[in-house]
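*Asks:* Residue numbers (our numbering), protein chains in the order written: chain A, 34 to 97; chain B, -11 to 273.
Just so you know, these hints were derived from the structure itself, not from any lab.
Since the structure is predicted, the reported quantities are computational estimates derived from the model, not experimental observations.
Cβ coordinates follow ideal geometry from the N, Cα and C atoms, glycine included.
Don't take every hint at face value.
[Stated by the list, open to error] The calculated lysine-lysine pairs, modelled on DSS-like cross-linking and capped at a C-alpha distance of 30 Å, are: (1) B:Lys272 x A:Lys49; (2) A:Lys43 x B:Lys14; (3) B:Lys109 x B:Lys14; (4) B:Lys19 x A:Lys68; (5) B:Lys234 x A:Lys43; (6) A:Lys68 x B:Lys97; (7) A:Lys90 x B:Lys97; (8) B:Lys14 x A:Lys39; (9) B:Lys109 x B:Lys97.
[Said to hold, decoys possible] Label pairs and their in silico Cβ distance ranges: (10) B:Leu85 x A:Met34: 39 to 49 Å; (11) A:Lys90 x B:Pro56: 34 to 44 Å; (12) B:Phe133 x A:Gln74: 42 to 52 Å; (13) B:Lys(-5) x A:Asn46: 31 to 41 Å; (14) A:Val36 x B:Leu72: 14 to 24 Å; (15) A:Gly47 x B:Gln76: 19 to 29 Å.
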Amino acid sequence: MYVICKVDEKKCNGCKLCIWACPDPNVIVFDPDSKKISIHQARCKGCGLCVAACRQKALEIDAV
Amino acid sequence: MTRRMFKISAGFEEVMPPEYRELVEKGPFEKQLGVAELGTFKELLEEHPLCAGCGLALSLRLTLISLPSPEDTVIVGATGCSSLAFPQVAVHNIHSLFGNQNAVATGLKRALSLRFPDRAKDVVVIAGDGATCDIGLESVMHSWFRGEKLTTIMLDNEAYANTGGQESGMSQLGTVLNMAPMGKKFKKVAFPEVAKAAGCVYVAVAAPHQPRRLERSVRRAILIAREIGPTYVQLYTPCPTNYKFKPADTLSVIREQEKAGLFRPDEYLSPEAAAYIQQLEEAKG
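Take the sequences, apply the hints, and build the full model.
*Replies:* In structure tokens:
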């Protein structure tokens, strides 16, 4: 089963802690206008480091 | 390297891969970006084959962002997990035999300073703990004795991780791995102390749980190596695959090791290096 990270945009406050914790490049993209992040799903390996770093509990690992 | 070197020739835009086009449009070249801007530009690393939750991949990613001028940098790599990621790195890089990375970097730095006498060209060695502390120890030590102006960055995952998990000189005492079932018999090598004694003017120990500290260490190491002498940065990068913890726990393992006293972030500047950094900071304002 493949798993990837999914973001709850309502909870995200754009603190960028997940971007600094992700071992894979260009997966988490920060939008400077909305101050929120989005996940590039094809690049995500689903390791869960961003989920552990997120203080807002806005991220979760789920099946594709 | 100037920007026109990686620009796409007219008419070829559509045949180039989308990742390359993205790099030309949104890459960090000549922009002075750092860790704070991550997520808003195309990074210098593309989809790499390293494991999920790899601490080494995270450190490599943060290190590449921290390069003060990626367009004028050449990276010398060595065999190990990191060498699997280097084909995906958009900075000039060289892979030579296992362990002779600092010897290759020495020749490269001398040639570049002859070819480009009025342009700062950084030669950065990024290698694993096996290549730096065990197999390449002789070339690393001698480049420091000679005072070569190189930056040596060790990605310390405390094992030979891509060959099944053998103990390395940097593994902790008693470490049990797949290929070291009896436990390691001697202590972790105090390599930062060795670097100080061997003539490094700047020595730092950091880990990716503090990205800004890692960025500052790498940046300072490269800037000091331009003018003063050899510098060394040791990055602690735990390996979930060989140390058998969950990929999501990589950063908490670093914090636990720090609490237990087995990993200690550190920074040492020689008096000349400290004066140079102070001068740079004053010039910046």
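*Asks:* Which earlier hints turn out false for this structure, listed by number in ascending order?
*Replies:* 6 and 7
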